[in-house]
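Engineer: The listed protein sequences derive, respectively, from chains Z and W. What the first sequence shows, in numbering that gives the first Met the number 0, is residues 0 to 567, in sequence order. What the second sequence shows, in numbering that gives the first Met the number 0, is residues 0 to 364, in sequence order.
Simulated from the structure, these hints should not be mistaken for lab results. Incorrect hints may appear among the rest.
No farther apart than 27 angstroms at their CA atoms in a straight line, the calculated lysine-lysine pairs in the BS3-like style are these [unchecked claim]:
hint : chain 1 : residue 1 : chain 2 : residue 2
1    : Z       : LYS72     : Z       : LYS208
2    : Z       : LYS350    : Z       : LYS322
3    : Z       : LYS486    : W       : LYS6
4    : W       : LYS138    : W       : LYS92
5    : Z       : LYS167    : Z       : LYS317
6    : Z       : LYS208    : W       : LYS92
7    : Z       : LYS486    : W       : LYS248
8    : Z       : LYS167    : W       : LYS54
9    : Z       : LYS72     : Z       : LYS127
10   : Z       : LYS365    : Z       : LYS316
11   : Z       : LYS350    : Z       : LYS167
12   : Z       : LYS66     : W       : LYS54
13   : Z       : LYS127    : Z       : LYS94
14   : Z       : LYS87     : Z       : LYS116
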Amino acid sequence: MKKRNLLQRSIIIGIVTLVGLYIVIGPHGRRPHFRDLTWSGIKQNLGQNIHLGLDLKGGAHLVMRVKIEDYLKRLTEDAATAAQNAAKDAGFEIKDTKAETSGGNHRVILQVADPTKNKDIREAVEKKVNIGDRDGWSFSSSGNTLAWTLSGSTERTLAESATEQALKIIESRINAFGVAEPTLQRHGAQNSHEILLQMPGIQDAEHVKQQLGTPSRLELVHVVSPPSPSSVQTYNTSEAAIASLNSGGNVPANRRVLPYTERASLTGQETNPGAKPPPKWVVIELPAIIDGAELRTAAAAQSRAGGDEYEIDFSLKKTGADKFGAWTGANVNEYMGVVLNDEVKSIAFIKSQIFDQGQITGKFTKQDADDLVLTLRSGALPAGIQYEEERTVGPSLGADSIRSGVRASLLGLILVVAFMLLYYRGAGVNAVVALLLNMILMLAGLIMFNATLTLPGIAGIILTIGMAVDSNVLIFERIREEMRSGKTIPSSIEQGFGHAFVTIIDTHVTTIVSSLFLYAFGAGPIRGFAVTLVIGLLVNLFSAVYVSRTIFMWLLSRKGRRVESLSI
Amino acid sequence: MFQLFHKINVDWLGKRRFFIGISIALMLAGMVSAVYRHRAHPGGTEAFNLGVDFKGGTVVTVRFRQPPPVENLRAAINQAGVRDAVIQPILDKQGGFLIRVPHQGAEVKEGETQAGVDAARTRVRQALNTFGPEAQTDKTLEADANAAYKIEGTDAVGEVASKQLRTQAVAVTIAALIGMLLFIAFRFEWTYGAAAVIAVFHTVLVTLGLFSIFQIEINLTVIAALLTLVGFDVNDSIVIFDRIRENRKLYRRMNLYDVTNLSINQTLSRTVITSGLVFLSVIALVLLGGETLRPFSLALLMGIIFGTYDTIAVAGPIMVWWERRVEAANKKATVSAGESGTAAGRNPAPGGRARSGVGKPSRAA
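Given the sequences, and given the hints that come with them, work out the whole structure.
Structural biologist: Written out as structure tokens, the structure is:
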């Protein structure tokens, strides 16, 4: 009975150890080879399996600039459209609207039909659009031209807040990738609008660049078309679409002509390029009904049609839902378009009032859909990003510090092992075996979770090793105590493990509970610390208790029924 | 078997006034240092010596003809009086380094960034001149045959950990402590949880105080070290609490004061061995781990010292004092309930809840 139990335990430990070892030093993503058993092969695999962080290995160094010009241009253009609509809504005739953004000045210009009403028009516009004196715009008029100019100081404030916003958005996007622990900081002088990103892993950096390169401006718009049941009005060329506007070849400020590729893929990578339908053009109405800022959640979901296609389900915030509900309620049977990055992704007619749910359909692959969801959730970047500088950098801790750190840690480990062997003799071997197994399995856990090892992570490992040694000390001291009180050796071991186990569970679970808090709400180094700690402690319950106990069981079974001495 | 401690009988709790006095003195010293540095030197030294992670600084891009080893570079920069520089080699540019220097002195106000950048540039140049002259301004490193290096750029950098992140870190740590408190309360008693958490708080405060007094740099790795010492500290407290819980069942007649002393003494060999081993590894890191790691290893060292000390000196006494108060309140409630039968409204707050402990008078229904 006991024998079988021992055998069973040994098999479990053997399997776990082998699997752990394979995860740590085995090749991933290819078949193992004899070369993997050589010293250099092991070193190479180890280097590939464990991702070291910025402080230990270095990585990519990217300086990017937020394209503030684009941001201010769009801001001015949006203000111009809004000003025109506001004036028209108030019943004034506007002959022309312009957003002038050349020469460093940003100006909204309205040409009005009746210059005697300039004052009333200004009032009507400033009531609805934030371009009054209070908002840092200065007004001027001459003849039938009304102009609002963005003042220099306001421009700087806006640019500054756009850069800060970009920093926050980039932070939330790259943190969503996992626990790579990038560093992100402002770079250059105040008015350079630069952001410095350092992150480990050059490949990840490429992915991030791609991600940040794609803006994610989502808008829900009204498509200008006769209402359903007649099908949606599309044009084969953009010229035809512009011609339909009857405004002499110009697009008025409250209209836009956008491409519409029916069920197009985001990246344009079609599984069958021959089957790609020719792009069409549609006219949409500005301003959009709502935009991406009103988004509450977004999630990638497998397409209802099945297959490998993905779509994106989203829901709206309260304010967005109110606007959207009011519009859809008033425009049943009208066509609505989902515009992503100035491209119409899908068009549907309004069957009935919709409040806060919607989908973006299109031939998205899983990766495309996931990336898009990420960018939609973190919000649109206020402006495009331009890469100013790209470098590969070494570890921020410095090779010298890492060398001496490793040397010191090894010395510490040797001291611990030596003490355990000297003080606990035979049982010390137990502790050392458990400790080594703990480290192997902890590394395996880190690799499985794809975690990046940084100095805070190593702090987690130090704490784990401390608690692993502590578990053994607790058990051994307890066994000694039981032996002193005159119990037989088997029952001392039994009692010692039993009592110490309660304590070990209490200490471990307490630390795991607090680490879960750190992981759930923390960011960056705090998260890295929590991940290694939780993995390490879970592993320790196995190695320090289960494995150590099995070794004792094996010792007892070898010595037979009458054990008189125990090396502890 | 070879043993360090056997049959010890020390009245730890009897020395509680002495211990608590030391703890309060240490905490006060730290607080005085932080407040004094913050208040008395406006624009001078700060309460804490925050690293480039927290307050930003200047990044100097430099290229050498013959790149020196990182340790020599660091030594030269230290010599020039620039503390806590982060030196990172540029791998795709032969001989290139990024040198990040924290703003010296107090937090740099908006608009003064340029002055800070210029000052840092001058100091770094002074340090680098020990390796040879810089290339002339109008020449590249290759063109100037006499030059040893050239500073190719100086830029201001903002902090890595924004104010928001700092606040978040504190909030998260407090949430984690509350998590601990709840779990210990669930496994033991509220008083035990509170005592353990107060002890942890004490350790963190004392450590931060020492960092302020000695102006040791605080960077992101120090935060990780502080989290580590929270772990060690709670671990220690729980080991002793566990023994107290066990002994209370075993010796029902013994009062809490004696049980606590007994438990501390019984677990003392474990405490000394575990803490001693961790102390050994950490001291190796402090002495041999190099300068960049020193703030990190010093935080761990202080943590292990005060974490061990405060389990015996802070957590134990607070728990016993609190538990006795609760018991006294319960007893009073029991007595008055027996006398008048209208005790409900007179129950003192801590006594107004059911106790699950063993060997304590339970509250009258």
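Engineer: Could you run down the list of hints and mark each one as holding or not?
Structural biologist: Cross-check of the supplied hints:
A C-alpha spacing of about 24 angstroms is found between Z:LYS72 and Z:LYS208, which places the hinted pair at or below 27 angstroms, so the restraint holds. Our distance criterion of 27 angstroms between C-alpha atoms is met by Z:LYS350 and Z:LYS322, whose separation comes to about 17 angstroms. With a CA separation close to 18 angstroms, the supplied pair Z:LYS486 and W:LYS6 stays within the 27 angstroms bound. About 18 angstroms separates the Cα atoms of W:LYS138 and W:LYS92, which keeps this hinted pair within 27 angstroms; it holds.
With a C-alpha separation of about 23 angstroms, the suggested pairing of Z:LYS167 with Z:LYS317 holds against the 27 angstroms cut-off. With a C-alpha separation of about 21 angstroms, the suggested pair Z:LYS208 and W:LYS92 falls inside the 27 angstroms cut-off, and the hint holds. For the given pair, Z:LYS486 sits about 20 angstroms from W:LYS248 by alpha-carbon distance, which is consistent with the 27 angstroms threshold. Our distance criterion of 27 angstroms between C-alpha atoms is met by Z:LYS167 and W:LYS54, whose separation comes to about 17 angstroms.
For the given pair, Z:LYS72 sits about 20 angstroms from Z:LYS127 by alpha-carbon distance, which is consistent with the 27 angstroms threshold. Proposed proximity of Z:LYS365 and Z:LYS316 is supported: the alpha carbons are some 25 angstroms apart, at most 27 angstroms. Taking the CA atoms of Z:LYS350 and Z:LYS167, the gap is about 38 angstroms. The hint is violated against a cut of 27 angstroms. Annotation: proposed proximity of Z:LYS66 to W:LYS54 holds, straight-line Cα distance about 26 angstroms (limit 27 angstroms).
At most 27 angstroms may separate the alpha-carbon atoms for a hinted pair to count; Z:LYS127 and Z:LYS94 meet this at roughly 20 angstroms. Taking the CA atoms of Z:LYS87 and Z:LYS116, the gap is near 13 angstroms; set against the 27 angstroms cutoff, the hint holds.
Of the numbered hints given earlier, the model fails hint 11 alone.
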